[in-house]
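There are 2 protein chains.
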Amino acid sequence: MVKDEVISKAAKAKEASRLMGALSTSVKNQALLIMAEELLERADEIVEANKIDMAKGRERRLSSALLDRLLLTERRIDEMAEGLKAIAMLPDPVGEVISMWRRPNGLQVGKMRVPIGVIGIIYEARPNVTVDAVGLCLKTGNTVVLRGGSEAVNSNKAITKIISEAAVRAGIPDGAIQLIETTDREAVNILLKLNEYLDILIPRGGAGLIQTVLKNATVPVIETGVGNCHVYVDNEAELKMAEKIVINAKTQRPGVCNAMETLLVHRDVAADLLPGLLGTLKNDYGVEIRGCPETKALVNWVQDATEDDYYAEFLDLILAVKVVNDIDDAMNHIYKYGTKHSEAIITTNYNKARQFLQEVDAAAVYVNASTRFTDGYQFGFGAEIGISTQKLHARGPMGLPELTTIKYIILGDGQIRE
Amino acid sequence: MVKDEVISKAAKAKEASRLMGALSTSVKNQALLIMAEELLERADEIVEANKIDMAKGRERRLSSALLDRLLLTERRIDEMAEGLKAIAMLPDPVGEVISMWRRPNGLQVGKMRVPIGVIGIIYEARPNVTVDAVGLCLKTGNTVVLRGGSEAVNSNKAITKIISEAAVRAGIPDGAIQLIETTDREAVNILLKLNEYLDILIPRGGAGLIQTVLKNATVPVIETGVGNCHVYVDNEAELKMAEKIVINAKTQRPGVCNAMETLLVHRDVAADLLPGLLGTLKNDYGVEIRGCPETKALVNWVQDATEDDYYAEFLDLILAVKVVNDIDDAMNHIYKYGTKHSEAIITTNYNKARQFLQEVDAAAVYVNASTRFTDGYQFGFGAEIGISTQKLHARGPMGLPELTTIKYIILGDGQIRE
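Chains P and X supply the protein sequences, listed in that same order.
Just add 2 to wherever you are in the first sequence, counting from 1, and you've got our numbering.
Just add 2 to wherever you are in the second sequence, counting from 1, and you've got our numbering.
Hints were generated in silico from the structure; no laboratory data involved.
Keep in mind the model is a prediction, meaning the values are calculated, not measured.
Positions of the beta carbon are idealized from the N, C-alpha and C atoms, including for glycine.
Treat the hints loosely; a few may be bogus.
[To be verified] Straight-line distance between alpha carbons at most 25 Å, and here's what the computed SDA-like set of lysine to any residue pairs gives:
no., chain 1, residue 1, chain 2, residue 2
1, P, K242, P, H335
2, P, K113, X, G416
3, X, K195, P, G207
4, X, K338, P, E7
5, P, K16, X, T220
6, P, K113, X, D377
7, X, K113, P, E7
8, X, K217, P, Q392
9, X, K195, P, E198
10, P, K195, P, L211
11, X, K242, X, T220
12, P, K217, X, Q213
13, X, K338, P, K242
14, X, K5, P, T220
15, X, K217, P, L216
16, X, K16, X, G416
17, P, K284, X, G416
18, X, K338, P, K217
19, X, K16, P, E315
20, P, K16, X, S101
21, X, K16, P, Q392
22, P, K87, P, S26
23, X, K338, P, R115
24, X, K338, P, D6
25, P, K338, P, L319
26, P, K14, X, L216
27, X, K113, P, N351
28, P, K5, P, G207
29, X, K354, P, N107
30, X, K195, P, Y313
31, P, K14, X, N334
32, X, K217, P, I212
33, P, K195, X, Q213
34, P, K113, X, S101
35, P, K5, P, N218
[As the list claims (entries may be wrong)] Among chain P residues calculated to face chain X with C-beta under 8 Å, some are:
no., residue
36, I100
37, R115
38, K246
39, W303
40, L359
Kindly generate the complete structure, drawing on both the sequences and the hints.
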């Protein structure tokens, strides 16, 4: 029965995707705007459904952080609607001919952006992901199969009902938005192997979810999420700038993947930088510091950093610190412990900046800026479906073009191959 | 023991990949040229090793087609060497900054092409793939783990030894080229799940191999190969051009994925086109024709086409034929039976050409040209690692840029996130 639901919904999404790809930009934009209107219009239905999820969440003793993520208020619904309007305003990547060239035999060969097809999204508690993912997928001509967290199932049902009805009214093919409603976990296992209907899967959530998807999926997956990010302060850094960047990268929003987790400091500036900076982090921002022996020798209240600390994505106000010999030592540390997400060097030395940019293998490599900028909005994409931490298809923040693929179009006048 | 070999070799390839990514283009090109020289210099070693494979192949009663693919002559070794030289001459995509823009806060954000890392190639009998794959991977700064067919293991060992020695001598990091030597099939199963060391897997071979890899791999896979390609002759086609293209698409090289397998003909021109064209295909080119009832009514010697025939990738001098009502009927047939590889329309009608280009979902969509052009060389890439039939990362012929990924490089002067 679980299988029936999953397969029949995925099949509908696939059927709808054939029509979806040919929709004009104006129909898609109009649909996004009407979906936004209807979310506001019918906000009370969403709030009612969310109350059921909240009550069940309290019964199940979810943490207050989780309950906060689950909660939908009028203001949050308003934000979801604004998100859809913003997506409507973005340029449509579908149909863009990225390049076209002429071959010696007169054939014109071009690369055109087209929708991927059917996108499966497996996500956790936050019901705003529902609206966001649907908006981005529809804008790019894809249809979508959603599997949200069981805690949010009533909220997700209400949201999906409202936006689906609005979408169909605006000319989006029936079936383009599918929500798997069963809370049976078997549904996820079925989705992972549904190559016949799903073109890609994007998991959005914690490391556990992502690992489960990666290890078991036969459908191609775009991996998002884990970031053990470093800032390396070189001996030729402007220390004032370094301090500002380190504080920002650690504390501006510690619970996200592009926050710094380990600070690496060149031996020659450690004594100048660390006592003041670590004191500020501790006293003004409440950051717990775990350091190497050399860090501890400079700042006696620092706790021991273990090997595990250097591997950790704390997602919290905790910072590991290590004094290094030079840029190579820093890059070796990053190579060993990093997750290839976002890495920064603070230096005024041209050659070292260039070397770091060249040799560090990560989705985003920074010179003299906070790692917190690894984000679709901050990069100027106007939207973000997630941050890819894999190398295939998309790497780093994914905007609308990353939800498309290409096809070659070839225009001839009778060419045959000799 | 199989596991030890596979893991230790993959680990070496990963270690080497860190150095490999930073190599200059001139070192890589020089290495390719020296590898080419050494192949020629030591051709006798390869021929000797190949004789062992050939003798075993005959013992195992391999088909003559397979034995021919396995055979290495001086001329074929010469071609392999020429292939390496050609790769050396191509532009190096690594380091190319595809785009770079400035954000309102002054940050410069750019996308730079970088190597993928470690590429696993699982392939079948033809030992020339060994040289080809190594050349393409090294040029793009990747290291490579090869698993060739057991029939060719001695040839592959000899080839890999020669090109590895030459590569290292020219400055390529030791370990960059790894050949799995065991013929135990368990080696493939291990490779499929070696996410820790392999960044991607590319299977090259028959449908059976590709399906095994797709169904079992947790390492990201680039799917290559299967093509059930169609040519649709519209009622507004130039029939002389249509004939020429149909003959070319079916017969110029029937055993490859971009050859036409089914001909679709608009009802209004079927009587004008089919009797002459099918007669030519049969009599001049030895093509066996399997047609729908309407085709048979026009050409009485045609055999029945079954449902299976429309699904088939014959890879042979066999053609399925179907008379259709119009372009929509043709596109519905392609949607149902096609494999999204290469699809062509022959028409003089602008609107129908545009509609076909827009609505047919395939790696390559043609107007008025033979499907046989779906090929990296024919598209002007100068090289080809395979033809992707998936939508993620790369679609259609893959050249050098498709063996790279990107990283974002971000240049600041102290920017922090507000």
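Worksheet item: Does X/K16 pair with X/G416 here, judged by a C-alpha cut-off of 25 Å?
Response: violated (34 Å)
Practice prompt. Report holds or violated for the interface hint on P/I100, using the least CB-CB distance to chain X and a cut-off of 8 Å.
Written response: Cβ of P/I100 sits 10 Å from chain X, so the hint is violated.
Fill in: Evaluation of the interface hint that places P/R115 against chain X, nearest CB under 8 Å
violated (11 Å)
Worksheet item: Is X/K195 within 25 Å of P/G207, Cα to Cα?
Response: Answer holds: X/K195 to P/G207 is near 23 Å, not above 25 Å.
Practice prompt. With a cut-off of 25 Å on the C-alpha distance, tell me whether X/K338 and P/R115 pass.
Written response: Since the Cα atoms of X/K338 and P/R115 sit roughly 22 Å apart, the hinted pair holds (cutoff 25 Å).
Discussion item. Just to be careful, I want the Cα atoms of X/K5 and P/T220 compared with a cutoff of 25 Å; is the pair within it?
Written reply: holds (23 Å)
Worksheet item: CA of P/K14 to CA of X/L216, is that 25 Å or under?
Response: Judged against 25 Å, a Cα distance of about 24 Å means the pair holds.
Worksheet item: Given the hinted pair P/K195 and X/Q213, is their alpha-carbon gap at most 25 Å?
Response: Distance of about 13 Å is within 25 Å: holds.
Discussion item. For X/K217 and P/Q392, compute the direct alpha-carbon distance and say whether it is at most 25 Å.
Written reply: holds (20 Å)
Worksheet item: Within 25 Å, alpha carbon to alpha carbon, are X/K338 and P/K242?
Response: violated (64 Å)
Discussion item. Checking one constraint from the list: CA of X/K217 to CA of P/I212, max 25 Å. Satisfied?
Written reply: Roughly 19 Å between the alpha carbons, so the hint for X/K217 and P/I212 holds.
Worksheet entry | Pairwise hint evaluation, P/K217 against X/K338, where the allowed Cα distance is 25 Å at most | violated (31 Å)
Of the numbered hints listed earlier, those contradicted by the structure are 2, 7, 11, 13, 16, 18, 20, 36, 37 and 39.
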